[in-house]
Amino acid sequence: MTIPAGKRAKVLVFGIGNPGRRDDGLGPKLIEQIGGAEFPIMLNVAGEFRYQLNVEDALTMKDFDVVVFADASRSGEEPITISEIGPAAEIAVTTHAMSPASVVALCLELYGHAPRSYLLAIRGYDWDVGEDLSPAAEQNLQKALEILREFIGRLEESKG
Amino acid sequence: MGRKITIEPVTRIEGHGKVTVQLDDAGHVQQSRFHIVEFRGFERFVQGRPYWEAPVLVERLCGICPVSHHLAAAKATDAIVGIGPEDLTPTGEKMRRLMHYGQMFQSHALHFFHLASPDLLFGADADPAIRNVIGVALMHKDLAVQGVLMRKFGQELILATAGKKIHGTGAVPGGINKNLSVEERDSFLKGPDPLNAKTMVAWAQGALDFFKDFHKKNKELIDGFAAFPSNHLSLVRKDGALDFYHGALRAITADGKRILDDVDYNDYLKYIGEEVRSWSYMKFPYLRSLGKQSGWYRVGPLARLNTCDFIPTPLAQKEFEIFRAYSKGKPNNRTLHTHWARLIELLHSGEVIQDLLNDPDLLGTDLVKKGKKGREGVGLVEAPRGTLFHHYRINSDDQIEMANLIVSTTNNNEPMNRAVHWVAMNILDKQKDITEGMLNRVEIAIRAYDPCLSCATHALGKMPLEVELYNAAGDLIARKSR
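As given, the protein sequences belong to chains X and D, one line each in that order. Everything in the first sequence is counted per the numbering used here, starting at 1 for the first residue and increasing by one. Everything in the second sequence is counted per the numbering used here, starting at 1001 for the first residue and increasing by one.
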């Protein structure tokens, strides 16, 4: 973290996914819950919903200190994993989406800096058409919010 | 028994593309296929829902062109409430047009800067670490910045007209639910550089000039790559003008003969059929009058500039005349000229946006009209990737009981297969392995159409692009992935 002491750190959480495809909506539903959650007073936490990430998100994130990309995961550990991500350029087959690492790389190239970035992968199970989360994903969502609050709180403690 | 090469970008849970190329014992291409998993669950999803929800529900079909689905569904539900396309209030129609042309502008800009320009700037054989939008940002920061800001300008127009960038609610059956405020209009029209309409038009012209310059220096690639004759189909305005929001169906043959002209799209089922093939989840639309074998057609920018008679804005019309002159007035059947056509449409969209913003009707307060309610409605628009069909029928409780959607990518199913086959025959024939450059040439053919590989679901855990090589016995002998 390179947030100066005394500065109110700006944290952006991207919630990525389609809430019309059951557990794919984990990211957007996390954003809804962030709206009502309490965070340390020295942190300014904002949430943005995205179907997919794209080039303009490099512009959106450039003025934040920390960015968390929250997305549903079809495999991996339950309930969530958090990992730091760095810039990585990738070839696109279509214009329909960019990976979090690609958006970080684009931000770095265009604006000369990029926020410290993390991937929050919330385990999902059911990708059928529907607006409700599966029961297991619902539980993971609640744990994800708790873990995210704790994680963001630690960012505040680590300010230099 | 030959070898089978599989190229499989598994980028979504439901939606992904896969290219299979079958070689014979001598290594010659026997057959190629581009498989796309088409997700048609939304047609079931909307059944039982009130018809007025359709314009919002269908936006979940696609994260990149939700406005197209929003407006096609809105036009279909207009018909259900008894309002024809010409019956909307001036404010209703022009707000929808501003929304739609804003979407075309941002989508076309994104395609050029994100998808096409890396191939043009660095070539198909360049290191994949450079041949991407990050590489463009590294080597040509001005182009990359313009791409991001043009996308943002279009997104802001969508926000102002639809209420939201993603799940807009602006269009409602019979009209629109908001007008444009003076402040919003002025910010788009006279806002500080670069986010104003004048700069956007200038940048669109710059992107087009960049492509034309590249074309002059690379005629063999741009003119010859994956070129093949096809029919073309699009909506065309009554007077023959290019129009993305409304018109009648027109279809022409590869040499310009009209197959359909001035056809009311409410009758589309009389003229267009959809063939099911056992090896693909996606249907193959065709013109009934020509039959399944020869009735397939292209949609999208290239098709639109082949079917229309003129473009009703001056800068784009000038470019259209150059474009048409290049193929001596005949239909243009060169796949990579789709990029050229797309950039002319980008310029046209910028000009239309500028004209609309100067129109006081956008500030009007008469937003919605009602007519005599019916049970069925069809709505078509020209989406960025081509003609988009929505068709709904409702029951006596106002619930949708039937929905039929033909999306642009489905319309382009056979052309994309033809483009991939061209690459297979010309690049992969007699090859024993697949290089990065060969793989990218397959992708270049697909990228010209920018297919929607079902945006419906997006989750982590997806696989990268993967290539598998099988020997004559069907054993996997090589795998290549990014």
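Keep in mind the hints are simulated off the structure, nothing from the lab. Source: prediction; values computed, not measured. There may be inaccurate statements among the hints.
[What the hints assert, rightly or not] The list that follows gives simulated cross-link-like pairs (lysine-lysine, DSS-like), each with its CA atoms no further than 30 Å apart:
| id | chain 1 | residue 1 | chain 2 | residue 2 |
| --- | --- | --- | --- | --- |
| 1 | X | Lys10 | D | Lys1216 |
| 2 | D | Lys1328 | X | Lys62 |
| 3 | D | Lys1219 | D | Lys1369 |
| 4 | D | Lys1328 | D | Lys1318 |
| 5 | D | Lys1270 | D | Lys1257 |
| 6 | X | Lys10 | D | Lys1238 |
| 7 | D | Lys1190 | X | Lys62 |
| 8 | D | Lys1330 | D | Lys1257 |
| 9 | D | Lys1292 | D | Lys1217 |
| 10 | D | Lys1216 | D | Lys1198 |
| 11 | D | Lys1152 | D | Lys1178 |
| 12 | X | Lys62 | D | Lys1141 |
| 13 | D | Lys1216 | D | Lys1141 |
| 14 | D | Lys1318 | D | Lys1152 |
| 15 | D | Lys1219 | D | Lys1141 |
| 16 | X | Lys10 | D | Lys1164 |
| 17 | D | Lys1198 | X | Lys62 |
| 18 | D | Lys1257 | D | Lys1141 |
| 19 | D | Lys1328 | D | Lys1257 |
| 20 | D | Lys1178 | D | Lys1238 |
| 21 | D | Lys1216 | D | Lys1330 |
| 22 | D | Lys1178 | D | Lys1369 |
| 23 | D | Lys1216 | X | Lys62 |
| 24 | D | Lys1292 | D | Lys1257 |
[Claimed, not checked] Restraint ranges, calculated between C-beta atoms of paired labels, are given here:
| id | chain 1 | residue 1 | chain 2 | residue 2 | range |
| --- | --- | --- | --- | --- | --- |
| 25 | D | Asn1404 | X | Gly76 | 37 to 45 Å |
| 26 | X | Glu131 | D | Asn1218 | 25 to 33 Å |
| 27 | D | Glu1321 | X | Glu131 | 43 to 51 Å |
| 28 | D | Glu1376 | X | Asp128 | 46 to 54 Å |
| 29 | X | Gly76 | D | Tyr1326 | 47 to 55 Å |
| 30 | X | Gly76 | D | Trp1279 | 50 to 58 Å |
| 31 | D | Pro1229 | X | Ser75 | 44 to 52 Å |
| 32 | X | Ala136 | D | Asp1262 | 49 to 57 Å |
| 33 | X | Asp128 | D | Asn1395 | 23 to 31 Å |
| 34 | X | Gly130 | D | Asp1398 | 46 to 54 Å |
All C-beta atoms in this analysis are idealised placements derived from N, C-alpha and C, irrespective of residue type, glycine included.
Hint numbers not upheld by this structure, sorted from lowest to highest = Numbers 1, 2, 3, 6, 9, 18, 23, 26, 28, 30, 34, in rising order.
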